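K.L.:
Input sequences plus hints: build the corresponding full structure.
2 protein chains.
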Amino acid sequence: MPVGHPSDRTFIAETIAIGSELLLGGRSDSNSLFIAEMLGAQGIEVRFKSVVGDDRTDIVNALAIAVRRAGIVMLTGGLGPTDDDCTRQAVAKAMGRRLARRKEAFDGMTAQLSQWGRVPSKAQLRQALIPSGAVVLPNPVGSAPGFALSWKRSLVLALPGVPREMELMMRHSAIPFLTAQLKRSTKTSPNPIVRSVFHTWGLPEAEIDARLEGLIPKVAPVNLGLLASPMGVLVSLTTTAHRPVKRNMVESLEKEVHARLGELIFAEGQDSMEAVVGRLLTKQKLTVAVAESCTGGLISHRLTQVPGASVYVDRSIVCYSNRAKTEMLGVPTELIAQQGAVSREVAAAMATGIRERAGVSVGLSVTGIAGPGGATETKPVGLVYVGLDAGGSESVTKEFRFHGDRSVIKQRSSQAALNLLRRWLLARES
Amino acid sequence: MPVGHPSDRTFIAETIAIGSELLLGGRSDSNSLFIAEMLGAQGIEVRFKSVVGDDRTDIVNALAIAVRRAGIVMLTGGLGPTDDDCTRQAVAKAMGRRLARRKEAFDGMTAQLSQWGRVPSKAQLRQALIPSGAVVLPNPVGSAPGFALSWKRSLVLALPGVPREMELMMRHSAIPFLTAQLKRSTKTSPNPIVRSVFHTWGLPEAEIDARLEGLIPKVAPVNLGLLASPMGVLVSLTTTAHRPVKRNMVESLEKEVHARLGELIFAEGQDSMEAVVGRLLTKQKLTVAVAESCTGGLISHRLTQVPGASVYVDRSIVCYSNRAKTEMLGVPTELIAQQGAVSREVAAAMATGIRERAGVSVGLSVTGIAGPGGATETKPVGLVYVGLDAGGSESVTKEFRFHGDRSVIKQRSSQAALNLLRRWLLARES
Chain W
59 MPVGHPSDRT FIAETIAIGS ELLLGGRSDS NSLFIAEMLG AQGIEVRFKS VVGDDRTDIV
119 NALAIAVRRA GIVMLTGGLG PTDDDCTRQA VAKAMGRRLA RRKEAFDGMT AQLSQWGRVP
179 SKAQLRQALI PSGAVVLPNP VGSAPGFALS WKRSLVLALP GVPREMELMM RHSAIPFLTA
239 QLKRSTKTSP NPIVRSVFHT WGLPEAEIDA RLEGLIPKVA PVNLGLLASP MGVLVSLTTT
299 AHRPVKRNMV ESLEKEVHAR LGELIFAEGQ DSMEAVVGRL LTKQKLTVAV AESCTGGLIS
359 HRLTQVPGAS VYVDRSIVCY SNRAKTEMLG VPTELIAQQG AVSREVAAAM ATGIRERAGV
419 SVGLSVTGIA GPGGATETKP VGLVYVGLDA GGSESVTKEF RFHGDRSVIK QRSSQAALNL
479 LRRWLLARES
Chain X
59 MPVGHPSDRT FIAETIAIGS ELLLGGRSDS NSLFIAEMLG AQGIEVRFKS VVGDDRTDIV
119 NALAIAVRRA GIVMLTGGLG PTDDDCTRQA VAKAMGRRLA RRKEAFDGMT AQLSQWGRVP
179 SKAQLRQALI PSGAVVLPNP VGSAPGFALS WKRSLVLALP GVPREMELMM RHSAIPFLTA
239 QLKRSTKTSP NPIVRSVFHT WGLPEAEIDA RLEGLIPKVA PVNLGLLASP MGVLVSLTTT
299 AHRPVKRNMV ESLEKEVHAR LGELIFAEGQ DSMEAVVGRL LTKQKLTVAV AESCTGGLIS
359 HRLTQVPGAS VYVDRSIVCY SNRAKTEMLG VPTELIAQQG AVSREVAAAM ATGIRERAGV
419 SVGLSVTGIA GPGGATETKP VGLVYVGLDA GGSESVTKEF RFHGDRSVIK QRSSQAALNL
479 LRRWLLARES
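Protein chains in written order, with the numbering used here: chain W, 59 to 488; chain X, 59 to 488.
Quick caveat, the hints were computed from the structure, so don't treat them as lab data.
Possibly wrong hints are sitting among the right ones.
If several chains are the same, the list does not tell them apart, and a pair holds so long as it fits within one copy or across any two.
Stated by the list, open to error - Restricting the straight-line Cα-Cα distance to at most 30 Å, the calculated cross-link-like pairs of lysine-lysine (BS3-like) are:
(1) K180 <-> K276
(2) K437 <-> K456
(3) K343 <-> K437
(4) K161 <-> K180
(5) K276 <-> K151
(6) K161 <-> K210
(7) K437 <-> K210
(8) K456 <-> K343
(9) K343 <-> K210
(10) K180 <-> K341
(11) K241 <-> K151
(12) K180 <-> K210
Note that the coordinates shown come from a computational prediction; the quantities given were computed from them, not determined experimentally.
P.N.:
Below, the structure is given as structure tokens:
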């Protein structure tokens, strides 16, 4: 949905990422996502993003374009010590300012380097050059300071391209600088952009879309976004920066999303499937062990991405060969011969086998055909069985037919398995 | 290094990615990397990248800026069936052209949908609207066709934002269209951008940089790029589009990179560590099994990303708990008690244990502290031991001290383990 064109460009921002490696280097500009989120929380909307190479003329031109359409311009990259890095020179040139070594920039850099037992190299000395009239933004974890200045009714900030340095400087100096400046220069205070994100699994995008039809009232200043990936469909509610929105309106929309999507929602905001499952296991004092075939270790890798996972993850077995399924999980060779390794029965036997042998509360299993090879006449690529066994009569298996390449099928299978575990853990609570 | 400013803008391109979710949606514009690579091979240099939301006015303005600086403008996204999707309307408006349903666009869409047993919905009919004078670019895997037209001395192409659709259309219609047009309109043919990529592991960026000092002659039209990540340092040689370069010059630089970096280079171009290891195992008819602790399944996940991995991957065991190390790998409880689970001795015992129990040619193991918890006074976060055992006297362990968060330490540990296997496999060949 178009966001409208407020006459006030004060709260409109543009990011300019600088670096030839972002043009043809296999690396995309991810810094701008972080910046957009941080600015959005302050009511500043990133409406344009640009990428240019380490080229002075291109940077100068990009700056000139940006200040025409955005009140806030965020440059990242090109502040390093090498000859390539020319953001300082380009900003000075564009604005007709002098570059000179600034004491606070030099002192900050020297202090930082001395922590690492080093002194500034000749090349690094260039990093203390700051355009005249600019405010120095200190870099608490690197040698290149940033800076901020106003030009042609816009605030221009330059930050390093290293994500960790940029992120810390956004929090510690860029945001405080911006909010102070905006407070001084504007009578109106902006409306923070409120963004609610719901991660869903289990229905395709078109069906999620249908369930959410008519959710947003025609005049409401809230946008509904849907984004499909192999890990599910992400649903977002985003308020616009330049129209006030009542907090209780967002809250009632959030409630409505929950009412319409229910258990399809597995996580919200920055949360993840593996973290949700981890919290449920911790709370219920349960342990898990995983027997993976086609996912090849991905489920275990995901579970152990969460700090503290060692409390509830005991072990995983990736049994790629049939022999491994029999030797390590006790899946009978006859069962594999009769039903095939990719079958509901083998998934069930794997879940039981890993639970019993690991002595854990619950066993989780996956067997399937990730492709491109391995399909038979009756069993196509993408056929996947997931199993869960918690002893007694608590055993469940599910069949899935996924589309996509090997990597996508692995991702979807891991999500299906973790979601089965999540739903089972939730059912125990109610 | 700046790429210079040829007066000829014919071979300069700009990408404009359209979609509000790219501004504040947690998803970055990765399509432009693919486009830059495809165009580069044709001698067309992507020198500007832009992102705008689903906003007609913003798209119109971005287009006007792009045609001033680039001879080729590649739009992606905004061709879907919903109200948000307004790329067609924006292009028609910018250029003052009429939008009308085009027969070949409609027929292509209908044929595509009928394959899925569907007919076009009312919303999808909009996708057959094409600006007057444009050439339709068929979409072989989706319902939204693209289009191409010339405007103000530039060629403007619009493609869908779904990566799979965009990629196929680049190969099958966009590149053939562009090369035909450029052949017709220009006397000079462009110099393809040649890009050689070397993936290295084992030395920090600064040391790789030092080894490559003076590699590129001052006047050579080749840029050297270095890009550090948790998986190692990527080294690239890139020719510029607008200055001719002799193929044998690139070849001699490539040789020199090999001479200076040697076995630090584990893969080139699109190749990966796991694919290289897989080919070596296949060629030598060896099988592998992995015992993972702190990597939590990541090594196994990476090995099984390669199609056909089932030939050489037998099984993996993720033994997070000490009990699992003893039960599944036969690591003596006394050894763990004496040396600690994170020790050279336990890594060696894990590698031997997995090799013997799986009955494979070579056992690989990792044990370490991924953090944030688990450190002791003598064993900090990031301490990692990697082991390899191939029976007889062929056994090796290595100690590493990595920095970074949990996820980075897992990545580095997996790379260190796979590299140990790679070096061992290479040594057997010589």
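K.L.:
Hints first: check each against the structure and report whether it holds.
P.N.:
Each hint tested on the structure:
Taking the shortest alpha-carbon separations for K180 and K276, only the inter-copy value of 20 Å comes in at or below 30 Å, while the best intra-copy value is 60 Å. Only within a single protomer do K437 and K456 lie at most 30 Å apart by alpha-carbon distance; the minimum there is 15 Å, versus 43 Å between protomers. Proximity of K343 to K437 under the C-alpha cut-off of 30 Å is restricted to the inter-copy arrangement: shortest distance 28 Å between copies versus 38 Å within a copy. Taking CA atoms no more than 30 Å apart as the test, K161 paired with K180 passes inside one copy only; the shortest distance there is 16 Å, against 65 Å between copies.
For the identical chains of this complex, K276 and K151 are inter-copy neighbours only, at 25 Å across copies versus 47 Å inside a copy, given an alpha-carbon limit of 30 Å. In this assembly of identical chains, the alpha carbons of K161 and K210 lie at most 30 Å apart only when taken from the same copy (26 Å versus 49 Å across copies). Taking the shortest Cα distances, K437 and K210 never come within 30 Å of each other, neither inside one copy (65 Å) nor across copies (54 Å). In this assembly of identical chains, K456 and K343 lie within 30 Å of each other by CA distance solely inside one copy; the values are 25 Å within and 36 Å between copies.
In the homo-oligomer, the alpha carbons of K343 and K210 never lie at most 30 Å apart, since the shortest distance is 60 Å inside one protomer and 67 Å across protomers. In this assembly of identical chains, the alpha carbons of K180 and K341 never lie at most 30 Å apart, being 55 Å within a copy and 49 Å across copies at closest. Within a single copy, K241 and K151 get their C-alpha atoms as close as 29 Å, which meets the 30 Å cut-off; across copies the closest is 38 Å, which misses it. For the identical chains of this complex, K180 and K210 are neighbours neither inside a copy (34 Å) nor across copies (47 Å), given an alpha-carbon limit of 30 Å.
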